[in-house]
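Asks: Add 97 to a position in the sequence shown, counting from 1, and you land on the number used in the numbering used here.
It should be emphasised that the hints constitute simulated quantities derived from the structure, not laboratory data.
Among the hints, a few may not be true.
Simulated crosslink set (EDC-like; lysine to aspartate or glutamate; CA at most 16 Å straight-line) [unchecked claim]:
{"id": "1", "residue 1": "Lys-640", "residue 2": "Asp-607"}
{"id": "2", "residue 1": "Lys-107", "residue 2": "Glu-198"}
{"id": "3", "residue 1": "Lys-723", "residue 2": "Glu-710"}
{"id": "4", "residue 1": "Lys-640", "residue 2": "Glu-142"}
{"id": "5", "residue 1": "Lys-640", "residue 2": "Glu-685"}
{"id": "6", "residue 1": "Lys-723", "residue 2": "Asp-391"}
{"id": "7", "residue 1": "Lys-723", "residue 2": "Asp-753"}
{"id": "8", "residue 1": "Lys-723", "residue 2": "Glu-754"}
{"id": "9", "residue 1": "Lys-723", "residue 2": "Asp-390"}
{"id": "10", "residue 1": "Lys-640", "residue 2": "Asp-681"}
{"id": "11", "residue 1": "Lys-171", "residue 2": "Glu-142"}
{"id": "12", "residue 1": "Lys-640", "residue 2": "Asp-686"}
{"id": "13", "residue 1": "Lys-648", "residue 2": "Asp-686"}
{"id": "14", "residue 1": "Lys-648", "residue 2": "Asp-681"}
{"id": "15", "residue 1": "Lys-171", "residue 2": "Asp-208"}
{"id": "16", "residue 1": "Lys-344", "residue 2": "Glu-370"}
{"id": "17", "residue 1": "Lys-107", "residue 2": "Glu-142"}
{"id": "18", "residue 1": "Lys-161", "residue 2": "Glu-144"}
Keep in mind it's a predicted model, so treat the numbers as computed, not measured.
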Amino acid sequence: MLLRRREFMKMLGVTAATAGLGACGRNWLVSDRMVQLALRGPGLEREVQTVCGLCEGGCGLTVKLVDDIPVGIKGNPRHPLNRGGICPVGQAGLEVLYAPERLRGPMRRDDGGTLRPAPWEEVLEQIAARLSEVHSGGEPQRFAMLIDAPGRLFYELAERFTQVLGSGSIANPFEAETLPYMLTQGTETVPGFDLAHADLVLSFGLDLFEDGHAPIHAIAATVGTRTTEERVLLLHASSRRSPTASKAAQHVNIRPGTHGALALGMAHVLVREGRYDRRFVAEHTLGFDEWTDDAGQQRLGFRRLLLENYYPDRVAQICGCEPSHVIGFARRFADASAPVAMAGGEAVWGANATWNVIAIHALNALVGAFDRAGGVLLPPPIPFTPLEPVPRTGREELPSVFTSDAAVFASDPIEALAGDGSTTPPVDVLFIVNTNPVYASPAGARLRAALERIPTVVAFAPFADETASVADFILPTNVFLESWHESTTPPSVSVQVLGLAPPVVEPLFDTRHAGDVLLDLAARIGEPAASTLPWRDYPDYLKHRVQGLEKAGQGTVISGSFEESWVRFLEERGWWFLANSGFDKFWEDLVRQAGWWNPAGPRGDVSQLFGTESGRYEFYSRALEKRLVELGTRRGRGQAPLQGAITELGLAASADEVCLPHYEPPAETGAGELSLQLFRPMTARGPLGCVSPMVLEMFGYYTFSGWETWVELSEETAHELDFHDGDHVALESERGSIECVVRIHPGAQPGVAHVPLGLGHRALNEICTGIGSNPTDVVVPARDPLAGTPSLTSTRVQAHLVRRREHGGPPPMHGGH
Numbered sequence: 098m099l100l101r102r103r104e105f106m107k108m109l110g111v112t113a114a115t116a117g118l119g120a121c122g123r124n125w126l127v128s129d130r131m132v133q134l135a136l137r138g139p140g141l142e143r144e145v146q147t148v149c150g151l152c153e154g155g156c157g158l159t160v161k162l163v164d165d166i167p168v169g170i171k172g173n174p175r176h177p178l179n180r181g182g183i184c185p186v187g188q189a190g191l192e193v194l195y196a197p198e199r200l201r202g203p204m205r206r207d208d209g210g211t212l213r214p215a216p217w218e219e220v221l222e223q224i225a226a227r228l229s230e231v232h233s234g235g236e237p238q239r240f241a242m243l244i245d246a247p248g249r250l251f252y253e254l255a256e257r258f259t260q261v262l263g264s265g266s267i268a269n270p271f272e273a274e275t276l277p278y279m280l281t282q283g284t285e286t287v288p289g290f291d292l293a294h295a296d297l298v299l300s301f302g303l304d305l306f307e308d309g310h311a312p313i314h315a316i317a318a319t320v321g322t323r324t325t326e327e328r329v330l331l332l333h334a335s336s337r338r339s340p341t342a343s344k345a346a347q348h349v350n351i352r353p354g355t356h357g358a359l360a361l362g363m364a365h366v367l368v369r370e371g372r373y374d375r376r377f378v379a380e381h382t383l384g385f386d387e388w389t390d391d392a393g394q395q396r397l398g399f400r401r402l403l404l405e406n407y408y409p410d411r412v413a414q415i416c417g418c419e420p421s422h423v424i425g426f427a428r429r430f431a432d433a434s435a436p437v438a439m440a441g442g443e444a445v446w447g448a449n450a451t452w453n454v455i456a457i458h459a460l461n462a463l464v465g466a467f468d469r470a471g472g473v474l475l476p477p478p479i480p481f482t483p484l485e486p487v488p489r490t491g492r493e494e495l496p497s498v499f500t501s502d503a504a505v506f507a508s509d510p511i512e513a514l515a516g517d518g519s520t521t522p523p524v525d526v527l528f529i530v531n532t533n534p535v536y537a538s539p540a541g542a543r544l545r546a547a548l549e550r551i552p553t554v555v556a557f558a559p560f561a562d563e564t565a566s567v568a569d570f571i572l573p574t575n576v577f578l579e580s581w582h583e584s585t586t587p588p589s590v591s592v593q594v595l596g597l598a599p600p601v602v603e604p605l606f607d608t609r610h611a612g613d614v615l616l617d618l619a620a621r622i623g624e625p626a627a628s629t630l631p632w633r634d635y636p637d638y639l640k641h642r643v644q645g646l647e648k649a650g651q652g653t654v655i656s657g658s659f660e661e662s663w664v665r666f667l668e669e670r671g672w673w674f675l676a677n678s679g680f681d682k683f684w685e686d687l688v689r690q691a692g693w694w695n696p697a698g699p700r701g702d703v704s705q706l707f708g709t710e711s712g713r714y715e716f717y718s719r720a721l722e723k724r725l726v727e728l729g730t731r732r733g734r735g736q737a738p739l740q741g742a743i744t745e746l747g748l749a750a751s752a753d754e755v756c757l758p759h760y761e762p763p764a765e766t767g768a769g770e771l772s773l774q775l776f777r778p779m780t781a782r783g784p785l786g787c788v789s790p791m792v793l794e795m796f797g798y799y800t801f802s803g804w805e806t807w808v809e810l811s812e813e814t815a816h817e818l819d820f821h822d823g824d825h826v827a828l829e830s831e832r833g834s835i836e837c838v839v840r841i842h843p844g845a846q847p848g849v850a851h852v853p854l855g856l857g858h859r860a861l862n863e864i865c866t867g868i869g870s871n872p873t874d875v876v877v878p879a880r881d882p883l884a885g886t887p888s889l890t891s892t893r894v895q896a897h898l899v900r901r902r903e904h905g906g907p908p909p910m911h912g913g914h
């Protein structure tokens, strides 16, 4: 039944203020069962704990229910990640639950190409039959899966499903950027940054309080749980004055893509003035001083490279700032007792992203920030029950359609699948789970064309988004309030966290959890899939995996009873919170409190953080050298292998410096007068926030730009182009054109168009379809040559006036945030 939200709340005797959600005139689709409950009463209220499933942050939530009907959401003050904080997207969880555009049952494309409703039993039988055909036909590699999951448990179940079919083709298209840390630390994960105990955070491009992997955690750790005197000193370097930058003690406005140069200039000052940790550098790093390799050749050291090439005046010219900014940042960083440097946002979205992060992370090594409170930590893996290896059929390594030689270490799975859009991918059955790459990727248009050539595409989604609309089958999934779901430690967070929650409410429609569907398909396929995935449903699988956590006896169920320092104190003295509690009691407490956590403090052995061949932090990356030599040997043009690789990749570095932290100029494509720089505001977190009118209303809250995509321009640039605040302009590249509203911004970089991601849907729901523009539509392909990740900051665009600001439109912006 379609009801105005206000009418539904009146039935329950709940006011808008009590529910904690603005009305925005939204119709809600409410089941008849809920309407009868609301009318009948008796109006009993209770609260339950859960975990937000709308982005990768994994924040703890408290849901208010009246007669078991969800009516309000707020942050859980006991949760160690968000400590009661909640973002606008998390607040919109009820609007996602009751959205009238949600899929209400499975859809199947008929012979005429139209998607029509179909019963689960028929759909699953047909999909299982096609999977069996691929597997029994001797080409199991022709099954592939694209998946975006905030928790390792679901990803590992999906990975096991893929492997048991004989395929290695599973990938997360928007996985965290891990390559720089693998090259320097030897870890395949983004390390944790102990924000809760740092006294200075130096953020390069990362809008710590809006973007990144866990912004609400960053707010709680640096501000929310501290007294005013103890709050973190935040320094920020970026090409725009974001809300995070406006809250920093100092913000330096630099040219796009020059974050690595600024970090190297700071490193120069630290080394020149002797303000680095000599003991740590001597005992735990490789390549700081000149050294001799195994062939007896003298190699350049990081110290000499810094002192000869990255003096403040030169770095300031590269970055477009003052030398005093470089020196001032370096000295404030050195003066702090527990400083840490982080990279994100625009610093990791360019074609020089890997080089930027390597240079920035080198600052942490210089000050010995590893394995200390307020520094760089490496949370150990959560001790789940391990899964038995999947029986192999004789192949040493399962093939993947997502691999290519387009980059040195990795490739973009979307690019690998999309190709040039005119060829058929080597896939017969493709599962796309909880992700919308046709919308989110710069290769989306080519991917859409490629999907139309794949015989069977199965989309798991709660809404008919741009990707699901191309599929042959749409399997509707529950939203997070309706299903068992989990999240594990987000990248860059320094504490071990498991969020695990049961459904808050029974599914409103004929939808299922993707994990239940995979287990059902495994049973239908038969052996060996059935015995390799033996769990009767997804909760049974979760229970099996969590048994290992209880046996380990580490950490504690989230309760708010213990502060982080107290947990560490007791564990260091051999007192384990979960010991001898019994699994049934542990499971009961875990699902009631919706999570477990364990603070990962310093271990007392810094070498545990380094998995490199040398066992040290490598300023000179041996792993990078080895791979580049392999590339140069394979593709060399009559040059020495290392130089051949440099030539092949088009790098600016010499053979001496390519494996050291150095500055690679950002690549640019196109000949427009503006550099297009994309960013993600907090209101664009996750793929579903834009189904909420509340989120759309406040989308550009700090520029008063709701329901529209805007472009931030400096006063200088706007004057040169004769644009005024509120004008509608077109940004055009060789790939197309998007329309934006001009917002003259005092913190924008001259010559740069700063445009937010998150709007411009062509599908999903009637609320957000046609609202704003999708800036990835004009992004010209470019990528990081090492990691293969697509660049969102390399495109140049032309700007044209569409129409002047209408009379009575929003007033021009004055001042900052």
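Asks: Work down the list of hints and note, for each, if the structure agrees.
Replies: Going down the list of hints, with the structure as the test:
Taking the CA atoms of Lys-640 and Asp-607, the gap is about 24 Å. The hint is violated against a cut of 16 Å. With a CA separation close to 23 Å, the supplied pair Lys-107 and Glu-198 exceeds the 16 Å bound. Straight-line distance between C-alpha atoms of Lys-723 and Glu-710 comes to about 11 Å, which keeps the hinted pair within the 16 Å bound. Restraint check for Lys-640 and Glu-142: the C-alpha separation of about 29 Å exceeds 16 Å, so the hint is violated.
Proximity of Lys-640 to Glu-685 is assessed by CA-CA distance (about 11 Å); at most 16 Å being required, the pair is judged to hold. With a CA separation close to 13 Å, the supplied pair Lys-723 and Asp-391 stays within the 16 Å bound. The straight-line distance between the Cα atoms of Lys-723 and Asp-753 is roughly 14 Å, inside the 16 Å bound, and the hint therefore holds. Restraint check for Lys-723 and Glu-754: satisfied, since their Cα atoms lie roughly 14 Å apart, inside the 16 Å limit.
Between Lys-723 and Asp-390, the direct Cα distance comes to roughly 13 Å. Compliance with the 16 Å bound is thereby established for this hinted pair. Only pairs whose Cα atoms come within 16 Å are accepted, and Lys-640 paired with Asp-681 is accepted, the gap being roughly 10 Å. Taken as a hint, the Lys-171 and Glu-142 pair is honoured in the structure, with Cα atoms around 15 Å apart against an allowance of 16 Å. For the hint pairing Lys-640 with Asp-686, the CA-to-CA distance comes to about 13 Å; that is within 16 Å, so the pair holds.
Between the alpha carbons of Lys-648 and Asp-686 the distance comes to roughly 15 Å, so the proposed pair stays at or under 16 Å and holds. For a cut-off of 16 Å, the pair hint linking Lys-648 to Asp-681 stands: about 12 Å separates their Cα positions. A C-alpha spacing of about 46 Å is found between Lys-171 and Asp-208, which places the hinted pair above 16 Å, so the restraint is violated. Straight-line distance between C-alpha atoms of Lys-344 and Glu-370 comes to about 29 Å, which puts the hinted pair past the 16 Å bound.
Pair hint Lys-107 plus Glu-142 holds up; C-alpha atoms about 15 Å apart against a cutoff of 16 Å. Using a Cα cut-off of 16 Å, the hinted pair Lys-161 and Glu-144 holds, with the two alpha carbons roughly 5 Å apart.
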